[in-house]
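Protein chains: 2
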Amino acid sequence: MNFLAKLRKIQRKNESLLCIGLDTEMSKIPEFLFKWEDPQYEYNRRIIDATKDLVCAYKLNTAFYESVGEHGWYTIHHTLARIPEEIVTIGDGKRGDIANSSERYAHVFCSDYEFSGTTVNPYMGKDSVDPFIRRRDQCAFVLAVTSNRGARDFQYLSVKGKPLYEHVVAAAKKWNTRKNIGLVVGATRPAELRRVRSLAREMPLLIPGIGAQKGDLESAVRFGCDRRGELAIINIGRSILFASSGEDFADRARDKAIYYRNLMNTYRDKYFSN
Amino acid sequence: MNFLAKLRKIQRKNESLLCIGLDTEMSKIPEFLFKWEDPQYEYNRRIIDATKDLVCAYKLNTAFYESVGEHGWYTIHHTLARIPEEIVTIGDGKRGDIANSSERYAHVFCSDYEFSGTTVNPYMGKDSVDPFIRRRDQCAFVLAVTSNRGARDFQYLSVKGKPLYEHVVAAAKKWNTRKNIGLVVGATRPAELRRVRSLAREMPLLIPGIGAQKGDLESAVRFGCDRRGELAIINIGRSILFASSGEDFADRARDKAIYYRNLMNTYRDKYFSN
Numbered sequence: 007m008n009f010l011a012k013l014r015k016i017q018r019k020n021e022s023l024l025c026i027g028l029d030t031e032m033s034k035i036p037e038f039l040f041k042w043e044d045p046q047y048e049y050n051r052r053i054i055d056a057t058k059d060l061v062c063a064y065k066l067n068t069a070f071y072e073s074v075g076e077h078g079w080y081t082i083h084h085t086l087a088r089i090p091e092e093i094v095t096i097g098d099g100k101r102g103d104i105a106n107s108s109e110r111y112a113h114v115f116c117s118d119y120e121f122s123g124t125t126v127n128p129y130m131g132k133d134s135v136d137p138f139i140r141r142r143d144q145c146a147f148v149l150a151v152t153s154n155r156g157a158r159d160f161q162y163l164s165v166k167g168k169p170l171y172e173h174v175v176a177a178a179k180k181w182n183t184r185k186n187i188g189l190v191v192g193a194t195r196p197a198e199l200r201r202v203r204s205l206a207r208e209m210p211l212l213i214p215g216i217g218a219q220k221g222d223l224e225s226a227v228r229f230g231c232d233r234r235g236e237l238a239i240i241n242i243g244r245s246i247l248f249a250s251s252g253e254d255f256a257d258r259a260r261d262k263a264i265y266y267r268n269l270m271n272t273y274r275d276k277y278f279s280n
Numbered sequence: 007m008n009f010l011a012k013l014r015k016i017q018r019k020n021e022s023l024l025c026i027g028l029d030t031e032m033s034k035i036p037e038f039l040f041k042w043e044d045p046q047y048e049y050n051r052r053i054i055d056a057t058k059d060l061v062c063a064y065k066l067n068t069a070f071y072e073s074v075g076e077h078g079w080y081t082i083h084h085t086l087a088r089i090p091e092e093i094v095t096i097g098d099g100k101r102g103d104i105a106n107s108s109e110r111y112a113h114v115f116c117s118d119y120e121f122s123g124t125t126v127n128p129y130m131g132k133d134s135v136d137p138f139i140r141r142r143d144q145c146a147f148v149l150a151v152t153s154n155r156g157a158r159d160f161q162y163l164s165v166k167g168k169p170l171y172e173h174v175v176a177a178a179k180k181w182n183t184r185k186n187i188g189l190v191v192g193a194t195r196p197a198e199l200r201r202v203r204s205l206a207r208e209m210p211l212l213i214p215g216i217g218a219q220k221g222d223l224e225s226a227v228r229f230g231c232d233r234r235g236e237l238a239i240i241n242i243g244r245s246i247l248f249a250s251s252g253e254d255f256a257d258r259a260r261d262k263a264i265y266y267r268n269l270m271n272t273y274r275d276k277y278f279s280n
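These protein sequences, in sequence, are chains H and B.
Sequential numbering from 7 applies to the first sequence in our numbering.
Sequential numbering from 7 applies to the second sequence in our numbering.
Hints were generated in silico from the structure; no laboratory data involved.
There is no bait here: all hints are sound.
Heads up, the list lumps identical chains together, so a pair's fine if it works in one copy or across two of them.
Below, simulated DSS-like cross-link-like pairs (lysine-lysine); rule was C-alpha separation at most 27 Å, straight line: (1) 132 with 220; (2) 185 with 12; (3) 12 with 58; (4) 168 with 180; (5) 166 with 179.
Predicted model only: the values in this text are computed from it and were never measured.
Work out the full structure, taking the sequences as your base and the hints as a guide.
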């Protein structure tokens, strides 16, 4: 199944635009899980089991796994194995290198681990992205407008009267011959999100920045969705993942996931009622 | 010792601008090494032992280690342990993320593995680079003009009459309050290399693209060095690393390393004689 079809299917089945960011910092894992061999996996497992009927995707930022030591990639492997096949998985590594090396990264993310989506950095251009879009069932999300403060440093520089990120969007559209490229736009940038959606009407948009980063959820839904009220993948990390620091963390994560999923659907009803 | 002092010291001691890229592809490792537990490490060990008096740096592209499986980071760890303290080590991961996540990557590259240099992607701006430049003895090489074809897609776009990469150089200079930022400029771009050196007279430049990528070595030396004929780190990967596919690979790598080191010094004498 191609990526867009898979995404629409799970968004309909679970009635959800919610992506949970499994950015599982070791320092935030409660004490009692340390009797398990891999507490990080055990944490993820419980979050997944408690929320898998509520999400369209899970996103794993590789930084949080590489930083625990050499076994971090095992944890990624086991975590992915726990996620039902029908749910989109995004390997958030923001990689990008010369073709020869990008090929190796793509091998990791797309072949070894079989993430259904990856994030890639556009600075090095087309040949750095190409290896990530070989398979139609896998999507590369190209960074367009990021949610952090540093986004202002280069992404808004004016090139021929338009901000750099619009040139990234235009290039991504041109490269998108297999219909498996998406874009990353921060929820902290509602005006830019609106603009990007108007330029890329049929691309999936990965939208981080809700919760800890204080992005605007209503705008994320309103401007992030396609005309059918789909294809926005709205990521929420810490405020679901670490909703509680106690033994009830998975239940509290579920409560929060329900809250956010429903709130997104309220906004969907408001702007995309048929 | 701060990074620049360390770099100058080893460049003088070994009379070398040469950086060997340990991009050790599994498929190119000769058969007989597979009786060792970690053939990739064993390959690196022999290359290091055969060339360590000839280089100023070794660069490890993490793509080639992540792609061998979960133990790839162990191989990086063991390889780094084999490199003499006085030689610069560069973790070529081209990472870059929001501050929270970049912090985790920097932890891996700068604290856990203690690379003396890292490569970082500028697209996400200052807060994505900051975690990599906390320590004065460690340098972050910001991608400016890359050696691949895709460099043309965005890096040359004109912003206020100047190519984007010049804005990256200007920003890197502004961020360089600890004197530990460098730039990556491909040897396939001699005119741009000259321009970048004229803009950043005291920054170390990491220059990939010689050998397999057919960059111009004479220009790399001539335009890459500072006025003292130093601070260019000229990376050569495959054409040294895989100089032979037989049991003599380390000896042949040494021959090639001598050849390139000496050729660089010939050009240094030509353009920087005192």
